[in-house]
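**Student:** As a plain string of letters, each chain reads:
2 protein chains.
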Amino acid sequence: MMDKPWDELSHLIEQAEPARVQDFLEQLSPTETARAISRISASDQGKLFAMLSPAEAADVIEDVSETQAADLIEEMPPQQAAAIIEELQSDLQADLLGELDEEDAEAILTRMDPEEAQEARQFLEYAPDTAGGIMVSELLCYRKDQTIGEVLADLQAHRETYADYHVQYIYVTDTRQRLAGVLRMHDLLFPSHSSLLSKVMIKTPLKVAVNANLEELSDFFEQHKLFGVPVVDAKGRLAGVVLPEAVEEATRKRSVSQFLGVSGIIGGEEFRTMPLLLRSGRRLSWLSINIVLNIVAASVIAIYQDTLSAVIALAIFLPMISDMSGCSGNQAVAVSMRELTLGLVRPNEVLRVWAKEASLGAINGLALGLLLGGVAFLYKGNPYLGLVVGGALAANTLVAVSLGGLLPLVLKRFKMDPALVSGPILTTVTDMCGFFFVLSFATAILPRLM
Amino acid sequence: MMDKPWDELSHLIEQAEPARVQDFLEQLSPTETARAISRISASDQGKLFAMLSPAEAADVIEDVSETQAADLIEEMPPQQAAAIIEELQSDLQADLLGELDEEDAEAILTRMDPEEAQEARQFLEYAPDTAGGIMVSELLCYRKDQTIGEVLADLQAHRETYADYHVQYIYVTDTRQRLAGVLRMHDLLFPSHSSLLSKVMIKTPLKVAVNANLEELSDFFEQHKLFGVPVVDAKGRLAGVVLPEAVEEATRKRSVSQFLGVSGIIGGEEFRTMPLLLRSGRRLSWLSINIVLNIVAASVIAIYQDTLSAVIALAIFLPMISDMSGCSGNQAVAVSMRELTLGLVRPNEVLRVWAKEASLGAINGLALGLLLGGVAFLYKGNPYLGLVVGGALAANTLVAVSLGGLLPLVLKRFKMDPALVSGPILTTVTDMCGFFFVLSFATAILPRLM
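Chains as they are written, first to last, in this note's numbering: chain A, 52 to 501; chain B, 52 to 501.
Chain A extracted, bound-state conformation:
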């Protein structure tokens, strides 16, 4: 085997040996597969998927991240994509189709088996962070007028198919597909084979609504140690099952997108295997908003140019005040976002958060102001310079920490994404205030500074 698995993979693809390609992929772990696929050329990727059966291709698609999977699917002929998507679990089908352009998704859906396509369309309608968005439709479901014996026979007959199911309960529905009861596997062990399900099932099954959100689902699994919960639509019909690991995974995805959003990666994940101009353009779209905001903030400095030329030492402290206030504010943003996610604070508790952050901002402002003010004093031997710089940092830390704590709550209330919007607003406002404090304080006592 060569040093790099993707070189080996490329080589096997070039030689057009589907069996060896398949053998090779099988011995890679999912992480290694994802890495190897991402490193081969787009034309090799195309050839590879043309070589694999839809089921084999689906295995590969499951190993790579959703963003990568969507990119791969988009490059395929719709017929081939449809065959592969049919092999995926229902929740992944919807996730992937949701990542595609509407047109591409439609082209694939029309080529899928009509029943599967209808289900996928149904799943696509649920919001991604709800029970409907993360449930699977692969579950064991029988009518209440069936017997234990019939269920056992069916389980035996379809062992292979059911072995792939993550769901461990047996759901019982009435004639209108409404959820009527549930059975655990071991409930099948003891009753006689001729018992009707309606007689042995648990008749008031726990369930969640299709529009239940992630917090509600987390709460559910904290309260009930179950392997899954049935999801019912508005009419009480069984729509799917949510597994506890799906809730954890969706919560994790949200943390990841928060982290990426705060760092200025917007519009979905970025991988270095994406085309350069796409990556560059997406990063620039965020940067160009920032540069405009920066220009707005710096205009405060332009207003006070005369003060600045009179006391050039101030120019050294402007970037420090801007940067330090940004740091203090970001800490408060992170704490608010975390408390919002955990449900420890509600978007309307503005006053409570403000009181908590303002007192902290005052203490930290004082500490940082004394430190930087001391440095400014020592630098020029002028106590008034120390006063201006230290006072400005102290005041601006108070502003930054208060604003940082409140922004996520306010943005959430106005249905905006705190991860994306908090940073730019915070930086702009604290820069403007910081520059204003330093330069207006300096202007006020200008003679003592010169």
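Source of the hints: derived by calculation from the structure; they are not laboratory data.
It does not matter which identical chain is used: a pair holds within one copy or between any two.
The calculated EDC-like cross-link candidates involving lysine to aspartate or glutamate, where the alpha carbons are at most 20 angstroms apart (straight line), are:
{"#": "1", "residue 1": "K258", "residue 2": "E77"}
{"#": "2", "residue 1": "K304", "residue 2": "E266"}
{"#": "3", "residue 1": "K276", "residue 2": "E77"}
{"#": "4", "residue 1": "K276", "residue 2": "E211"}
{"#": "5", "residue 1": "K98", "residue 2": "E65"}
{"#": "6", "residue 1": "K276", "residue 2": "E300"}
{"#": "7", "residue 1": "K304", "residue 2": "E267"}
{"#": "8", "residue 1": "K463", "residue 2": "E267"}
{"#": "9", "residue 1": "K304", "residue 2": "D180"}
{"#": "10", "residue 1": "K276", "residue 2": "E83"}
{"#": "11", "residue 1": "K254", "residue 2": "D196"}
{"#": "12", "residue 1": "K276", "residue 2": "E117"}
{"#": "13", "residue 1": "K258", "residue 2": "D284"}
{"#": "14", "residue 1": "K98", "residue 2": "E125"}
{"#": "15", "residue 1": "K276", "residue 2": "E113"}
{"#": "16", "residue 1": "K55", "residue 2": "E400"}
{"#": "17", "residue 1": "K98", "residue 2": "E113"}
{"#": "18", "residue 1": "K250", "residue 2": "D196"}
{"#": "19", "residue 1": "K276", "residue 2": "E137"}
{"#": "20", "residue 1": "K276", "residue 2": "E138"}
{"#": "21", "residue 1": "K258", "residue 2": "D215"}
Predicted, not measured: the structure shown is a model, and the values here were computed from it.
Given chain A, work out where chain B should sit, using these hints.
**Tutor:** Same frame as chain A, now just chain B:
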């Protein structure tokens, strides 16, 4: 019921009515419980836990975040804490004891049931992000010389206890407690009751080592759709079971701590219910490192003071260049950290990442440089000012993006936490370089700028 559940809770606690307190807590969801507990005073918290039975207290502890739980435990008499911790699942026991000071943990351990304490000590030794750190010891385990009938009888007899177990498989061990086989629940359905487990079990069970890391565990569950995997120690003895949702949860915790670290919240989570001085001190410890780094970076400006007083307009652009480069660099940091987490890039692939980021940095640097350079030109009508500002931003974007892409890889290689360390290093270096580029370019063509 009053407006705020925590007021109601405080009220019931003051009235010393354990039954009503318990009833009240039971109707709250875990999120509501966490919120109510965090809002009542420390003395009420103490009274509350003194009122509840250890099992009831453990239910509350399970609802709050780990940081909060550790704070609550630390305030209790060790005897009481020990009784509550005994009621928790083994992985949560270890997580909580691990959050405490060693002394506090020891005081609790010595007061626990010796067998439970020994197990907890064992669990504490496993690193948190490994199979040993996230496994549970609550599992169904029988010897291979037992019969199906004995297992069924035991399952019936201990139904209540086992109902709390998340683990759905039956593990079979040999006389030395080494893992010998596994049975699924439905494997108990068909064989005769007198069959020995050794005859009906799957003899080559899938398993992982106690030191398997999160990536390996994620890979395992991607490859094998199972409800859990047995964990064996170096001698092949069954140590516990890892559930897929535990892997997702640990991965999510890592994303959260990355996000908090990048935002400057270090040393664990912060909640606004923590004491003000503790919160302030922890945030300051990170800020004070930053202020020192800021002073170092700004010293570059001090060196070029003469240039700055000659062309005061430059002072307006210094904070912008510092901020924009920081933004560009942070985007690259986020992409690298994400690719590292997904295993798409290895810490030694420095050259590959550099090539990818340098080309992107050149393009974005050019775009941003043209934009800001244009603004500088229009501001004073001096094309040379535009050239200096635009050129400096372009050059510094290239530096920031390259450095941002590489830092996480290099830090990871030296076993440092990229989430904590990347930001401060990146900002300091890009600030210094940015200031240097603007001011040295300006110095070089100073006559044309005046």
